[in-house]
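Undergrad: Protein chains in written order, with the numbering used here: chain A, 1410 to 1576; chain B, 11 to 447.
Source of the hints: derived by calculation from the structure; they are not laboratory data.
Since the structure is predicted, the reported quantities are computational estimates derived from the model, not experimental observations.
Some clues are possibly wrong.
[As the list claims (entries may be wrong)] Cross-link-like lysine to any residue pairs, in silico, SDA-like; alpha carbons within 25 Å at most:
#1 B/Lys379 - A/Ile1539
#2 A/Lys1441 - B/Pro211
#3 A/Lys1441 - B/Glu153
#4 A/Lys1495 - B/Lys182
#5 B/Lys182 - A/Leu1471
#6 B/Lys439 - B/Gly406
#7 B/Lys182 - A/Glu1462
#8 B/Lys270 - A/Met1554
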Amino acid sequence: MSATHDQAEYTSVFTGAARTELDTIMSRYPTKMAALLPALWIVQRERGWVPPEGMAEVAEALDLTPAYVKGVVTFYTMYHQHPVGKHFIQVCTTSPCNVCGAEGVVDAFLKHTGCEELGVTSADGRYTVIEVECLGACGFATPVMINEEFVESVTPDRVPEILSSLK
Amino acid sequence: MGYPHKPHERETLVLSTHFGDHEAIPLDGWKKRGGYQALQKALGMTPAEIVDVVKASGLRGRGGAGFPTGIKWSFMKPGDGKVHYLCCNADESEPGTFKDREIMRWTPHALVEGCAIGAYAIGAEVAYIYIRGEFTEPLRHMEAAVKEAYAAGILGTNAMGTGKTVHVHVHKGAGAYICGEETALMNSLEGRRGNPRIKPPFPAVAGLFGQPTTINNVETLAAVPHILNRGADWYKGLGRADNPKSTGTKLWSVCGNIQKPGNYEMLMGFPFGEFLHEVCGGALPGRKLRAIIPGGSSVPIQTLEEAESSLMDYEGMVAGGTMLGSAGCIVIDDAQNLVKQIARLARFYAHESCAQCTQCREGTAWTTKILERIVAGDGTTEDLDTLLEIADNMTGKTICVLSDSCATPVVSGIRKFRGDFEALIKKRKVHPVPAVA
Ligand SMILES: Cc1cc2nc3c(=O)[nH]c(=O)nc-3n(C[C@H](O)[C@H](O)[C@H](O)COP(=O)(O)O)c2cc1C
Ligand code: FES
């Protein structure tokens, strides 16, 4: 993973509009630390993941240590600690979806994306497929989250069409 | 209503009246539907008067524990010179539950209004809505609604022209079921790992940022404007006459092996059997309903017979051998391997344990391992005793009840469906002992 991550390329996230955005967010809380999750979200939005330099930058902006920030990042499942495919595909397989055939949906995504394994990005860098726990949309089994978008009621036969609609 | 279906005639629409109605989403459409009248009214009352109305309505928390909302609010003392906070729990991650998502998707202003009233009633000038990170669409709607409400002068330092300060902010989580537990939610909002806190101190004494705090579920807060508009007596009158302890309507999320999954708004005390078979359309063709988990994955599993004779309120579900919980109803039919599904639930809890407490960290992991071993055909009868022993060690012994929640489907599963476990164990593969050279 670190091969795709060139240290020299990292440029600061919190300049210009993103800095203003962070300042606005910080004004909503009595402590700087409370802006930590939102700040990490901004880094991930801008860089596609949360690299160590991003954690360091957030730490500096919020008067925290990089070690503290890393401790928080690793607690939550949604911050990427490595670069992921262009389309990050999360399939719920918790029991309510599982009884509706969610495992078949996972298999279909693996097959049609060319991803060899869960969590391993396809060779062309386009896809990463993972299984996730309940997405809070159990009545629309199987819900699949692709980057920021939800696709509801996915069945294995819909997978090729869903993939071809992605840019 | 039974979104994505048309409302069923036996539903009672209050919170879900506008589900599916795109025009109810923006502020002007919401105002045309009576929006913000309750807030206007509330800001003209004293906080104590509002708390009294909510108390009299009998409203109880919809997040899982069913604590009376008015009583919870009365623990807060406006005017004590301290900064108070309201947290709205929109973390909705309990498997089977997807009602708060629909409230935020279709009626975001109902939640802004409920939060504003709640904040004012407990003497808080700031409310935070903590939304799980995966809820990108509800989050967009909530952020847009908050923005509109500020622009219209509904929120801010002169809320609705009354000179009172009410702020509502949206805070996005980052993937962790445990952050739905109220003290973990506060830690997460503060920029910490989502580890639950030891109580006491209770949030009303020292909560968010160490200040007196109230935490309420989305559905609880969304019900408050209706109560202020139509009165405590109206709300109290919804429900069965012989049980004044459960009042109002309840949103039920129904999922799994059922004809018409979706959200349904039912009167408290509605017969559960009729609900499953008529309102939700019953079993899929050629199948039979077998096991029901009515209140989200953390409540005891019911047999179909137990479910059919239960009433859909807090007391009715206890009488039926389970709990109302978050009313996330998971239906499992006779085509499923029930033990596999219980194992999958255990895996959920093992994945979501914050790992602070040993009983939970170790217990959820071992429970999952043993159950998966049984599903794979390598289980023994002693495994069932071991599972029950581990479950006992996981119940009532940890900082929060995630640990108990993992034990619940296992214990109720073994008690009520022991035959399913034994059938898998009987099929046990015999591994040949390799010959020693
Ligand atoms: C592990 C765990 C997860 C929880 N998840 C949620 C949740 O996602 N949403 C929620 O409203 N309450 C959740 N709760 C319950 C909250 O701790 C709290 O009781 C509730 O938000 C209070 O609001 P109410 O009184 O309006 O129900 C959870 C509790 C536990 C122990
Ligand atoms: S179990 Fe899949 S969304 Fe809830």
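Undergrad: Decide, hint by hint, whether the structure agrees.
TA: Each hint, compared with the structure:
1. A distance of roughly 21 Å separates the Cα atoms of B/Lys379 and A/Ile1539; the hinted pair therefore holds under the 25 Å criterion.
2. Between A/Lys1441 and B/Pro211, the direct Cα distance comes to roughly 24 Å. Compliance with the 25 Å bound is thereby established for this hinted pair.
3. At roughly 21 Å between alpha-carbon atoms, A/Lys1441 and B/Glu153 fall within 25 Å of each other, so this suggested pair holds.
4. Pair hint A/Lys1495 plus B/Lys182 holds up; C-alpha atoms about 22 Å apart against a cutoff of 25 Å.
5. Straight-line distance between C-alpha atoms of B/Lys182 and A/Leu1471 comes to about 18 Å, which keeps the hinted pair within the 25 Å bound.
6. For the proposed pair B/Lys439 and B/Gly406, the alpha carbon gap of about 36 Å is over 25 Å, so the pair is violated.
7. A hinted pair counts as satisfied when its Cα atoms are at most 25 Å apart, and B/Lys182 with A/Glu1462 qualifies at roughly 22 Å.
8. A distance of roughly 22 Å separates the Cα atoms of B/Lys270 and A/Met1554; the hinted pair therefore holds under the 25 Å criterion.
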